[in-house]
Amino acid sequence: MLNIDCPWCGKRHETEFRYGGEAHIARPEDPAKLDDAEWAEFLFMRTNTKGYFAERWLHSHGCRRWFNVIRHTVTHEIVGSYKMGEKPPKLPKSAGGAK
Amino acid sequence: MTQAFRTTSGGRIDRKKAITFTFNGKPYIGYEGDTLASALLANGVHLLGRSFKYHRPRGIVAAGAEEPNSMVQLGEGATTEPNIRATQISLYDGLTASSVNVWPNVEFDISAINGLFAKIMTAGFYNKTFMWPRSMWMKLYEPVIRRAAGWGKAPTQQDPDIYDHMHLHVEVMIVGGGPAGLMAALAAGRAGARVLLVDEQSEFGGSLLSRKRQIGAKDEAGWIAEMVAELEAMPDVTLLSRSTAFGYYDHNYLCVLEQKTDHLPAAERVGKVRQRVWHVRAGQVVLATGAHERPLVFADNDRPGIMLAGSVQTYVNRYGVLPGKKMALFTNNDAAYEAAIDLQAAGGDVVAIIDCRSEVSGELVDAARALDIEILAGHAITGTCGGKRVESVEVRAIQKGAKVYTSAARQIKCDLVAMSGGWSPVVHLFSQSQGQLEYDEEKACFLPGTPRQAQQVAGALAGEFTLKDCLAGGYKAGADAARATGFTPKRKPAAPEIDEPDLSGIEPFWIVPGSRPIGEGMAKHFVDLQNDTTAADIELAVREGFESVEHIKRYTLTGFGTDQGKTSNINALAILSGILDKPIPKVGTTTFRPPYTPVSYGALAGRNLGDWSDPVRVTSIHDWHVENGALFENVGQWKRPWYFPKAGETMQDALNRECLAVRSGVGVLDASTLGKIDIRGPDAAEFLNRIYTNAWAKLGIGRVRYGLMCHEDGMVFDDGTTARLAEDRFLMTTTTGGAAGVLDWLEEYLQTEWPELKVYCNSVTEQWATVSIAGPKAGAVLKKLAPDMDLSQENFPFLSFKEGVVAGIDARVFRISFTGELTYEINVPWTCGRVLWEAVMEAGAEFDITPYGTESMHILRAEKGFIIVGQETDGTTTPQDLGMDWIVSKKKPDFIGKRSFTRSDTARADRKQLVGLLTDKPDDVLPEGAQLVFIPHSPKPMPMAGHVTSSYYSATLGRSIALALVKGGHDRMGQKIFAPLEGKTVTAEIVDPVFYDKEGERLNG
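As you go down the protein sequences, you meet chains A and B in turn.
Numbering-wise, the first sequence is residues 1 to 99 according to the UniProt record's numbering.
Numbering-wise, the second sequence is residues 1 to 1005 according to the UniProt record's numbering.
In short, the hints are calculated from the structure, not lab data.
It cannot be assumed that every hint is accurate.
Below are the DSBU-like pairs computed for lysine-lysine, each with C-alpha atoms no more than 30 Å apart in a straight line [stated by the list, open to error]:
no., chain 1, residue 1, chain 2, residue 2
1, B, 476, B, 212
2, A, 33, B, 892
3, B, 758, A, 11
With beta-carbon atoms standing in for the labels, derived distance ranges [what the hints assert, rightly or not]:
no., chain 1, residue 1, chain 2, residue 2, range
4, B, 907, A, 42, 17 to 25 Å
5, A, 45, B, 272, 51 to 59 Å
6, B, 236, A, 79, 27 to 35 Å
7, B, 441, A, 46, 40 to 48 Å
8, A, 34, B, 973, 34 to 42 Å
9, A, 46, B, 728, 35 to 43 Å
10, A, 46, B, 686, 24 to 32 Å
11, B, 236, A, 34, 57 to 65 Å
12, B, 889, A, 34, 18 to 26 Å
13, B, 634, A, 45, 31 to 39 Å
14, A, 79, B, 441, 31 to 39 Å
15, A, 49, B, 760, 32 to 40 Å
16, A, 46, B, 762, 26 to 34 Å
17, B, 273, A, 49, 43 to 51 Å
Just so it is clear, CB atoms sit at the ideal spot from N, CA and C, and this is done for glycine as well.
Given only the sequences and the hints, what does the whole structure look like? Please build it.
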């Protein structure tokens, strides 16, 4: 059970949160200008990172705010969390993950 | 019964408190402080059960959680529990237990004949034997195998016991209350941290409960008592004994099972919580989980009376029991000699020490020699005799590294064999916490490597096998943990003088040679006693092409079962390493997963049972529905009236009556459960414009509009009506089940994509009770309740709302319709719901107003071809698929989902599209979910054409109707389609989904 640091409420159990997938994927300003391949890239493609990963969480059973978290997808180490619109913290070098 | 194997003095049992218990129907006596295993051994009972596959007689091997064999069925009736280790059952007055996996009884077991077919019951036996014919599975293989290879029986009644859960936050959690764990708790506690110390045993002390040691001025018992007393006096230290940390999860979250009453007689358990699951979040965790002894792997090493040496020592010193009177010790290390010395001191006789090392020397070896015990260095046990108890061992001189023996045998009579292959640190929780293991050649065991979480390791787990190292290592781990959580440890206490022999000598020895190499001949060198896996099985698995330790585990079953291979895993992979000729670290270990020891479902469920398993939501009118005989349907967590049967009515009778009342008179529905979201802010209209597929900017104040919401992929995910209450304020309604998801969706876009929009949302579902009156007489009913409200068509048209007083209550009345009839939805403050409902019933009495439920609502809307999200849609359905192009704006430059409508996939002509179906026979009601085909009776697999989404008998139309999603359905009007059902094929015509009042004339009454 992850211990997630909500930027507004502090550390809380994972069960208070809802996962929101990869962070920093902005909805295109003008979707009509994108061709099918570009639109599909936005709609379906995610990086599936092994290592440090910026992802979105919603404190759904708390303050109901969305925010971003840097988590290592193998070790679950959480480097930090930051509010929507803020710049992500500098990532540590990926240790390469578990075998 | 006398306790013929009880020593005359000593042990941590209370000889003044005799306890009566029953095993396999026979009464026995034990003492307080005994486990079921120690009490049975005191009575000379070794044969406890039969093995999993071969039904060989099996007895007690160990003294704790690592026990592979001695599982019993504990208790009777509703509270019976299968497969509990006798070594972990504290004895209590009135305990009853019986053997598992025996039929008809443990002394005479019919399935023991399996032993004769042992040659075919090798690794992968199940995979190979019972594949064909498949029909035999249910009839023969399954029931017979279940009986032959099952273990205990699950209770058939509901568990009457009480379980609960507790949550705890501490700075330092310590797992294991042996010498290292106690010292860690002392260091962290003295530093001022909040500390939790858990230990699975009935009392703290760990290995010191089994070994005699002088620590400074105290003996081991005195030292433990002093430590526990100091810890108990600390206000921020919590001590939990009989508490197993069974799972180590992410970010130092651990689960602990505390057994609160399992050691008490039945009468003392009444009304008490039986077990408690602690959910602990710790700043730092100190693992001091100790070590388990490994068996040695030799031919017929599974007979009752063959035990681990350290466990023999535990029975002698802790329980005052001689597990046998003539013991042969078989070892590859010095530490095991102490078991022989202690047994001899307690009155037993050690007939020989068989040591596979060719050179033996050291303090303990000398001590054994001084007791005139015969020591056979460079020897091994190569076989054993005895039926239900070991009677003798066959001993031979062996050559180091030899695959077979050539020397002559000597028989040594004995009634107990103690064996020791060295000690394996209990790395289970460390591994669960994602820590990697490292193999230590010198200590011949896997040790914790670098931890992945905020964690310290101490004691035998860390390879600290001497008491001196345990005390120092434990204190350091506790101090480091306290420091890491912001506390300043006190000065380390002076190390006490410790009287302990040198235990360190060990030479790895993984398998005793046989007369033929492993895999040849009939000899059974058991590796995993619980799963009856032999060294030959591992060899066979390799021969058949398995190499990965994870595959070998699954093919041979090594390490499965209730003990999860605590005594077998390391031996198995060492033998595998020998066969593959790869070093042990290269072979690796299998994955350790929670739980460490089994946990009952009752404990996991805690109090979340029955009514408490999930919240139940009811409307403020609910009690009226109950009083008036409604049957209920679960919609999400809501209880909604399904229909209101009258005496003697079938369900269909009731539905027919309810539907006809709405079409010809007036019906009333409790619609309070619909989601309601108050949306406010200067940008609210712009926001709705982006969320819904249709246009919202120009909606007038006081007007209502229906809308569809899609995800970015263009698929419909909710619908409902939204009213404009003011320039900057809207009231949105959602489906009952979708309310929370829609609010999440709105907030997600406001916070993450369009933070510049000034809008906020608030759920008001439970602020407004909603009573919907529908039918040609609805206006007449409302007129009586709201005489001042202008209900004229000009001033209160369809898709508008009014505020006013209804039945004396301030209300909002909406003219919307889900039935196709004239409908008023009256919203009043939640608590006034029932008052309004009763006023409506009274006012409507003269029109025979009829309450109706969700099922009639579904029929009425299906007659009109209105969709239900989640029934006509399944997350792959676009508005166009539903024939609802009219609600998709062509003018708006963008809204969520728009771009996806022109993707090649959403633009396909052969997508499944919503149509109506009329069966050729009007009384045929298609089953919902039925698959549809264009060509009946074609060869299987038939090409699928779609499926039925809704299907009812319509009393209004006097026939069945159905809605369906059909490939290219919009262009197939008038065509026939077929539903191949069990035993018949139903033919239907594809029609427009609006079955009734296509012109919509009934909306105005």
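Against the structure, the hints come out as follows:
Restraint check: the Cα-Cα separation between residue 476 (chain B) and residue 212 (chain B) comes to about 24 Å, which is no more than 30 Å; the hinted pair holds. Annotation: proposed proximity of residue 33 (chain A) to residue 892 (chain B) holds, straight-line Cα distance about 15 Å (limit 30 Å). For the proposed pair residue 758 (chain B) and residue 11 (chain A), the alpha carbon gap of about 29 Å is at most 30 Å, so the pair holds. Residue 907 (chain B) and residue 42 (chain A) have their C-beta atoms about 18 Å apart, which keeps the hinted 17 to 25 Å range intact.
Between residue 45 (chain A) and residue 272 (chain B) the beta carbons are some 56 Å apart, a value that agrees with the proposed interval 51 to 59 Å. Taken as a hint, the range 27 to 35 Å holds for the pair residue 236 (chain B) and residue 79 (chain A), whose Cβ atoms sit roughly 31 Å apart. The given range of 40 to 48 Å is respected by residue 441 (chain B) and residue 46 (chain A), whose C-beta atoms sit roughly 44 Å from each other. For the pair residue 34 (chain A) and residue 973 (chain B), the supplied restraint of 34 to 42 Å holds, since their beta-carbon distance comes to about 36 Å.
For residue 46 (chain A) paired with residue 728 (chain B), a C-beta distance near 37 Å keeps the hint of 35 to 43 Å intact. Evaluation of the 24 to 32 Å hint for residue 46 (chain A) and residue 686 (chain B) yields a pass: the beta carbon distance comes to about 29 Å. Taking the beta carbon of each, residue 236 (chain B) and residue 34 (chain A) are about 59 Å apart, inside 57 to 65 Å as hinted. Distance hint check for residue 889 (chain B) and residue 34 (chain A): the Cβ-Cβ separation is about 19 Å, which falls inside the suggested range of 18 to 26 Å.
The given range of 31 to 39 Å is respected by residue 634 (chain B) and residue 45 (chain A), whose C-beta atoms sit roughly 38 Å from each other. For residue 79 (chain A) paired with residue 441 (chain B), a C-beta distance near 37 Å keeps the hint of 31 to 39 Å intact. In this structure, residue 49 (chain A) and residue 760 (chain B) meet the distance hint of 32 to 40 Å, their C-beta atoms being roughly 34 Å apart. Roughly 32 Å separates the CB atoms of residue 46 (chain A) and residue 762 (chain B), a value that falls within the hinted 26 to 34 Å.
The hint said 43 to 51 Å for the Cβ distance between residue 273 (chain B) and residue 49 (chain A), and at roughly 44 Å that hint holds.
Going down the numbered hints, you'll see the structure goes against none, and every one checks out.
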